[in-house]
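Chemist: Residues per chain are reported as follows:
There are 2 protein chains.
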Amino acid sequence: MESVVAHRLDAARVGRLATVSSDGHPHVVPCCFSLHGAILYSAVDAKPKSSFKLRRISNIEASHFASLLVDDYVEDWSLLWWIRVDGTARVLESGSEYDQAIELLVDKYEQYRRQRPPGPVIAIDITRWRAWPGPESWPSSS
Amino acid sequence: MESVVAHRLDAARVGRLATVSSDGHPHVVPCCFSLHGAILYSAVDAKPKSSFKLRRISNIEASHFASLLVDDYVEDWSLLWWIRVDGTARVLESGSEYDQAIELLVDKYEQYRRQRPPGPVIAIDITRWRAWPGPESWPSSS
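Protein sequences, first through last, are from chains A and B. In terms of my numbering, the first sequence is residues 1 to 142. In terms of my numbering, the second sequence is residues 1 to 142.
These are computed hints drawn from the structure, not numbers from a lab. Where hints are given, some of them may not hold.
Pairs involving identical chains hold if they fit within one copy or between any two copies, as the list cannot separate such chains.
Below, simulated SDA-like cross-link-like pairs (lysine to any residue); rule was C-alpha separation at most 20 Å, straight line [as the list claims (entries may be wrong)]:
#  : residue 1 : residue 2
1  : Lys108    : Ser78
2  : Lys108    : Ala38
3  : Lys108    : Glu75
4  : Lys108    : Asp76
5  : Lys108    : Pro133
6  : Lys108    : Gly134
7  : Lys108    : Ala12
8  : Lys108    : Asp72
9  : Lys108    : Arg130
10 : Lys108    : Ser3
11 : Lys108    : Ser22
12 : Lys108    : Ile57
13 : Lys108    : Ala62
14 : Lys108    : Arg55
15 : Lys108    : Glu136
16 : Lys108    : Leu80
17 : Lys108    : Tyr73
18 : Lys108    : Val74
19 : Lys108    : Ser63
20 : Lys108    : Asp23
21 : Lys108    : Trp77
Work the whole structure out from these sequences, hints included.
Modeler: As structure tokens, then:
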């Protein structure tokens, strides 16, 4: 993918992660993330959750497919854009890739430096990038 | 649902709509919307699209399930919140409900007053509301 798209994706502070439940229902949550080449990492952090076993985790265990969207809403609709990555997701509980992912997230978010994410990490192996409109339409300053 | 949650949902200018393709892949796009009781309307508008037949439409025709998320990212994570509605979606091409939905969208978005959305309308019949954290945690000023 064009590096300008990857750069803009990784610069975003929040994404919206979509997964699918075992019975075919969509699920979408906001999440923090960090991009590393063609892999996107997101951690289950210490923000209070309604249950220990998060639906995003059980969905990924059930169906593996995941999609993450980044966009920036502004009232001047001529400036709207979004980037979406689709891929297959894995849940990491420990190990060297888990440790590396946590380091990437801690590097990106100073909030994680104060409280490291204790939960599992979601790794999305990106298989498709979509950018709307194409990056050729983007202001060169952004 | 508590009216404070419905009010905050409808006050949001953008949502992220998740659907599922016929082969079980999640899909997520930003969209404008308007809430009307327990139905949420979103229109395919005149912003340039990559194809005439949008994936969100073919997904809804295939699986009906839809989920829309509203959130507001801020760096003070103690202030984060999101609202999500899940439901079954219908595609409206014309008729009185279509006309009413367009009016609601035109009322909410002055951008639509300049250019009415020409495309079909997605109607989500909401079956479940989720708010995180619970609205009892929300600042009373918001």
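Chemist: Each of the hints needs a verdict: does it hold here or not?
Modeler: Now the hints, each set against the structure:
For a Cα distance limit of 20 Å, the shortest separation of Lys108 from Ser78 across copies, 18 Å, qualifies, whereas the shortest one inside one copy, 29 Å, does not. Proximity of Lys108 to Ala38 under the C-alpha cut-off of 20 Å is restricted to the intra-copy arrangement: shortest distance 17 Å within a copy versus 39 Å between copies. For the homomeric pair Lys108 and Glu75, the shortest alpha-carbon distance between copies (12 Å) is at most 20 Å, but the shortest distance inside one copy (28 Å) is not. When the C-alpha separation of Lys108 and Asp76 is checked against a cutoff of 20 Å, the pair qualifies only between copies, where the shortest distance is 15 Å, while the shortest distance within a copy is 29 Å.
In this assembly of identical chains, Lys108 and Pro133 lie within 20 Å of each other by CA distance neither inside one copy nor across copies; the values are 26 Å within and 24 Å between. Taking identical chains as interchangeable, the C-alpha atoms of Lys108 and Gly134 are never at most 20 Å apart, the minima being 26 Å within one chain and 28 Å between chains. Taking the shortest Cα distances, Lys108 and Ala12 sit within 20 Å of each other inside one copy (10 Å), while across copies they are farther apart (27 Å). For the homomeric pair Lys108 and Asp72, the shortest alpha-carbon distances inside one copy (19 Å) and between copies (19 Å) are both at most 20 Å.
In the homo-oligomer, the alpha carbons of Lys108 and Arg130 never lie at most 20 Å apart, since the shortest distance is 23 Å inside one protomer and 29 Å across protomers. With identical chains, the CA atoms of Lys108 and Ser3 are at most 20 Å apart within one copy only, with a shortest distance of 18 Å there and 37 Å across copies. In this homomeric assembly, Lys108 and Ser22 never come within 20 Å of each other (Cα to Cα): the closest approach is 32 Å inside a single copy and 36 Å across copies. In the homo-oligomer, the alpha carbons of Lys108 and Ile57 never lie at most 20 Å apart, since the shortest distance is 22 Å inside one protomer and 36 Å across protomers.
For a Cα distance limit of 20 Å, the shortest separation of Lys108 from Ala62 qualifies neither inside one copy, at 29 Å, nor across copies, at 38 Å. When the C-alpha separation of Lys108 and Arg55 is checked against a cutoff of 20 Å, the pair qualifies neither within a copy, at 25 Å, nor between copies, at 32 Å. For the homomeric pair Lys108 and Glu136, neither the shortest alpha-carbon distance inside one copy (27 Å) nor that between copies (31 Å) is at most 20 Å. In this assembly of identical chains, the alpha carbons of Lys108 and Leu80 lie at most 20 Å apart only when taken from different copies (18 Å versus 24 Å within one copy).
Proximity of Lys108 to Tyr73 under the C-alpha cut-off of 20 Å is restricted to the inter-copy arrangement: shortest distance 15 Å between copies versus 22 Å within a copy. Taking CA atoms no more than 20 Å apart as the test, Lys108 paired with Val74 passes between copies only; the shortest distance there is 15 Å, against 24 Å inside one copy. In this assembly of identical chains, Lys108 and Ser63 lie within 20 Å of each other by CA distance neither inside one copy nor across copies; the values are 28 Å within and 37 Å between. Neither within a single protomer nor between protomers do Lys108 and Asp23 lie at most 20 Å apart by alpha-carbon distance, with minima of 35 Å and 34 Å respectively.
Taking identical chains as interchangeable, the C-alpha atoms of Lys108 and Trp77 lie at most 20 Å apart only when they sit on different chains, with a minimum of 14 Å there against 29 Å within one chain.
Hints 5, 6, 9, 11, 12, 13, 14, 15, 19, 20 from the earlier list are contradicted by this structure; the remaining hints agree with it.
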